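2 protein chains.
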Amino acid sequence: MPPIPRDRVEEAYRLLQRVQRRDLVAPELSDTFTDLYTVCLDALDAYDRVALTSRIAGKQYFAFQDPATGTISRAVSTDLYAPEVDSWREFVDALRGNDYAAAGLDPDSVTRTLYSLAISFCAVIDLTRTRDQKTPGTFFEYFIGHLFASRLGASPTTRLPVLNLDMDTTLPTDYVFDLGAGRPKFHLPIKTSTRERVIQVWAHQRVLDGVYGTGRFLGTPVILAETKTDRRRLEVVEICLPDQWRIYQMHIAQLTRIYYLDVPSTYERLNDVFPPLHVRPFGEFFFEVDELTA
Amino acid sequence: MPPIPRDRVEEAYRLLQRVQRRDLVAPELSDTFTDLYTVCLDALDAYDRVALTSRIAGKQYFAFQDPATGTISRAVSTDLYAPEVDSWREFVDALRGNDYAAAGLDPDSVTRTLYSLAISFCAVIDLTRTRDQKTPGTFFEYFIGHLFASRLGASPTTRLPVLNLDMDTTLPTDYVFDLGAGRPKFHLPIKTSTRERVIQVWAHQRVLDGVYGTGRFLGTPVILAETKTDRRRLEVVEICLPDQWRIYQMHIAQLTRIYYLDVPSTYERLNDVFPPLHVRPFGEFFFEVDELTA
Numbered sequence: 000m001p002p003i004p005r006d007r008v009e010e011a012y013r014l015l016q017r018v019q020r021r022d023l024v025a026p027e028l029s030d031t032f033t034d035l036y037t038v039c040l041d042a043l044d045a046y047d048r049v050a051l052t053s054r055i056a057g058k059q060y061f062a063f064q065d066p067a068t069g070t071i072s073r074a075v076s077t078d079l080y081a082p083e084v085d086s087w088r089e090f091v092d093a094l095r096g097n098d099y100a101a102a103g104l105d106p107d108s109v110t111r112t113l114y115s116l117a118i119s120f121c122a123v124i125d126l127t128r129t130r131d132q133k134t135p136g137t138f139f140e141y142f143i144g145h146l147f148a149s150r151l152g153a154s155p156t157t158r159l160p161v162l163n164l165d166m167d168t169t170l171p172t173d174y175v176f177d178l179g180a181g182r183p184k185f186h187l188p189i190k191t192s193t194r195e196r197v198i199q200v201w202a203h204q205r206v207l208d209g210v211y212g213t214g215r216f217l218g219t220p221v222i223l224a225e226t227k228t229d230r231r232r233l234e235v236v237e238i239c240l241p242d243q244w245r246i247y248q249m250h251i252a253q254l255t256r257i258y259y260l261d262v263p264s265t266y267e268r269l270n271d272v273f274p275p276l277h278v279r280p281f282g283e284f285f286f287e288v289d290e291l292t293a
Numbered sequence: 000m001p002p003i004p005r006d007r008v009e010e011a012y013r014l015l016q017r018v019q020r021r022d023l024v025a026p027e028l029s030d031t032f033t034d035l036y037t038v039c040l041d042a043l044d045a046y047d048r049v050a051l052t053s054r055i056a057g058k059q060y061f062a063f064q065d066p067a068t069g070t071i072s073r074a075v076s077t078d079l080y081a082p083e084v085d086s087w088r089e090f091v092d093a094l095r096g097n098d099y100a101a102a103g104l105d106p107d108s109v110t111r112t113l114y115s116l117a118i119s120f121c122a123v124i125d126l127t128r129t130r131d132q133k134t135p136g137t138f139f140e141y142f143i144g145h146l147f148a149s150r151l152g153a154s155p156t157t158r159l160p161v162l163n164l165d166m167d168t169t170l171p172t173d174y175v176f177d178l179g180a181g182r183p184k185f186h187l188p189i190k191t192s193t194r195e196r197v198i199q200v201w202a203h204q205r206v207l208d209g210v211y212g213t214g215r216f217l218g219t220p221v222i223l224a225e226t227k228t229d230r231r232r233l234e235v236v237e238i239c240l241p242d243q244w245r246i247y248q249m250h251i252a253q254l255t256r257i258y259y260l261d262v263p264s265t266y267e268r269l270n271d272v273f274p275p276l277h278v279r280p281f282g283e284f285f286f287e288v289d290e291l292t293a
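So the protein sequences, as listed, match chains A and F. Just so we're aligned, residue 0 is where the first sequence starts under numbering that gives the first Met the number 0, counting upward by one. Just so we're aligned, residue 0 is where the second sequence starts under numbering that gives the first Met the number 0, counting upward by one.
Same shape as in the complex, but just chain A:
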């Protein structure tokens, strides 16, 4: 008897955990994501789709639902979800050659491809494990970490030395990427959603600015979405704190970009206020990163 899709997802995820440990920049890690994506889509075939009532202007969502138990997954954007493994394979080829235009890719199509892969895995975990918030978060760190590493051609570290007069210690960090002397480094917090914990991102940026000097680290958090699903009412809302974000950006530290796979409309408007906060679909990273480091 062939293994049921749920077991194949668990197996593909365990393989991913092992492969990512070796090196986040390794090209073969992309293929491990291809395999995981394929089995996730197979697994999701067994579930129904149920429309959610969206309380977010201009955005539509659905959820996967277990026909036996009625359990539903997190909200999935109807506009962004395009579950095609071939699109992911095309993107991987473009990433390896660092040429996106030749493959006919643009920031929006890249965002849709990456969103579809990430949300598929998260939805499977929502449906097959009870109250497991940690696995989607860890998976998303591997995924974004690998994409950043591949685009920058550098492996991240999560610990930096501090040599400050009589202090000689190390500072644990989110992923940081060192592009070498004379170039900016990247500070990459990765979250599936932020809520009130987001202040940590600015605080960590402030510590890096303080310890190593302002401008040495570009803060570019990547976040999946800010949706919150009411599983009883089948409703979806976005939890956003735009006024607080502006205060953090003015008073704690300056982030260079805040990337989302599913950009909340409330935060998108922060691009248009003065001083602006640069909130972008993650697909843009692949096209604009050379300018950011120039």
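I should point out that these hints are in silico values taken from the structure, not numbers from a laboratory. None of the values given here were measured: they were computed from a predicted structure. Keep in mind that a hint or two might mislead.
So the derived list for chain A, only partly shown, Cβ under 10 angstroms to chain F, looks like this [what the hints assert, rightly or not]:
#1 VAL161
#2 LEU170
#3 ARG196
#4 ILE246
#5 MET249
Okay, the calculated beta carbon distance ranges per label pair [claimed, not checked]:
#6 F:THR129 to A:ARG158: 29 to 37 angstroms
#7 F:THR33 to A:ARG54: 41 to 49 angstroms
#8 A:ILE238 to F:ASP65: 48 to 56 angstroms
#9 F:GLU83 to A:LEU14: 55 to 63 angstroms
#10 A:MET166 to F:GLN59: 30 to 38 angstroms
#11 F:ARG130 to A:VAL49: 47 to 55 angstroms
#12 A:ILE3 to F:ASP34: 48 to 56 angstroms
#13 F:ARG230 to A:THR77: 42 to 50 angstroms
#14 A:GLY69 to F:ARG130: 17 to 25 angstroms
Positions of the beta carbon are idealized from the N, C-alpha and C atoms, including for glycine.
Model the placement of chain F on the given structure of chain A, informed by the hints.
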């Protein structure tokens, strides 16, 4: 048939929730804590005590254990735990008269009294509700909020207006106490433990310093303990990040005091390094607060 102790604790806690909502500074709120403490000690009589293997030099801990299921509570400090409702009553009298020396109280005896009340309630919840982290945290906020409010003679707020050129919004905060014009205000984060989330405390202090001016808010977080209990091995450790605390204090903002009910020894030593971080048993607050605001 009289209600079983567990139900009496739930009932006393619901009453506390109602009374605290009216006014955290109300003297009768202390009596509500007296009633809750009394029923918690009754409830704990039904449990065994089991010694824990302490991995913390110079500190001993035990846990309450359900004789039927084997479930254990969080770690309780053998040195600090003195479950006497009369000591709490004496402290309440001293608090109402704002005279601690007349009652023969000193910072250490006050710390023991407050620790014993707080940990008793937390232990009952650990034993009677599954995976409920939130109730002990909320209870601890009421408790410390009430003590701070009573000592300062002022009610806290959790929202401050921001008027900054073209910004006109409000900032949600932890408890803040306004002692009036020309006097410092208090910024009071309250946590049962901090771990890696502690950077939020410094970040919120930085926002207050930035928006309202450095020196206007004294940051004085109050934390219950940093113990972590391995419930299978019956072992207790303390999770401390002293190097990171020093970096936060130097690079994010300056906290005036960090109060603990059970001071971790690793953090106690931060009083002796230069520049010092003032980590104190919470009992000292009642004796030193007039100097802090002078």
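The hints, checked one at a time:
1. VAL161: Check passed: Cβ of VAL161 of chain A comes within 7 angstroms of chain F, closer than 10 angstroms.
2. LEU170: Given a least distance of 6 angstroms, the restraint on LEU170 of chain A holds.
3. ARG196: holds, 8 angstroms
4. ILE246: holds, 6 angstroms
5. MET249: Status holds, d = 7 angstroms.
6. F:THR129 to A:ARG158: 29 to 37 angstroms: About 36 angstroms separates the Cβ atoms of THR129 of chain F and ARG158 of chain A, which means 29 to 37 angstroms holds.
7. F:THR33 to A:ARG54: 41 to 49 angstroms: holds, 45 angstroms
8. A:ILE238 to F:ASP65: 48 to 56 angstroms: violated, 38 angstroms
9. F:GLU83 to A:LEU14: 55 to 63 angstroms: About 58 angstroms separates the Cβ atoms of GLU83 of chain F and LEU14 of chain A, which means 55 to 63 angstroms holds.
10. A:MET166 to F:GLN59: 30 to 38 angstroms: Since the Cβ atoms of MET166 of chain A and GLN59 of chain F sit about 33 angstroms apart, the hinted range of 30 to 38 angstroms holds.
11. F:ARG130 to A:VAL49: 47 to 55 angstroms: violated, 28 angstroms
12. A:ILE3 to F:ASP34: 48 to 56 angstroms: holds, 54 angstroms
13. F:ARG230 to A:THR77: 42 to 50 angstroms: The hinted range 42 to 50 angstroms holds for ARG230 of chain F and THR77 of chain A, with Cβ atoms some 44 angstroms apart.
14. A:GLY69 to F:ARG130: 17 to 25 angstroms: Holds - the Cβ-Cβ distance for GLY69 of chain A and ARG130 of chain F, about 23 angstroms, lies within 17 to 25 angstroms.
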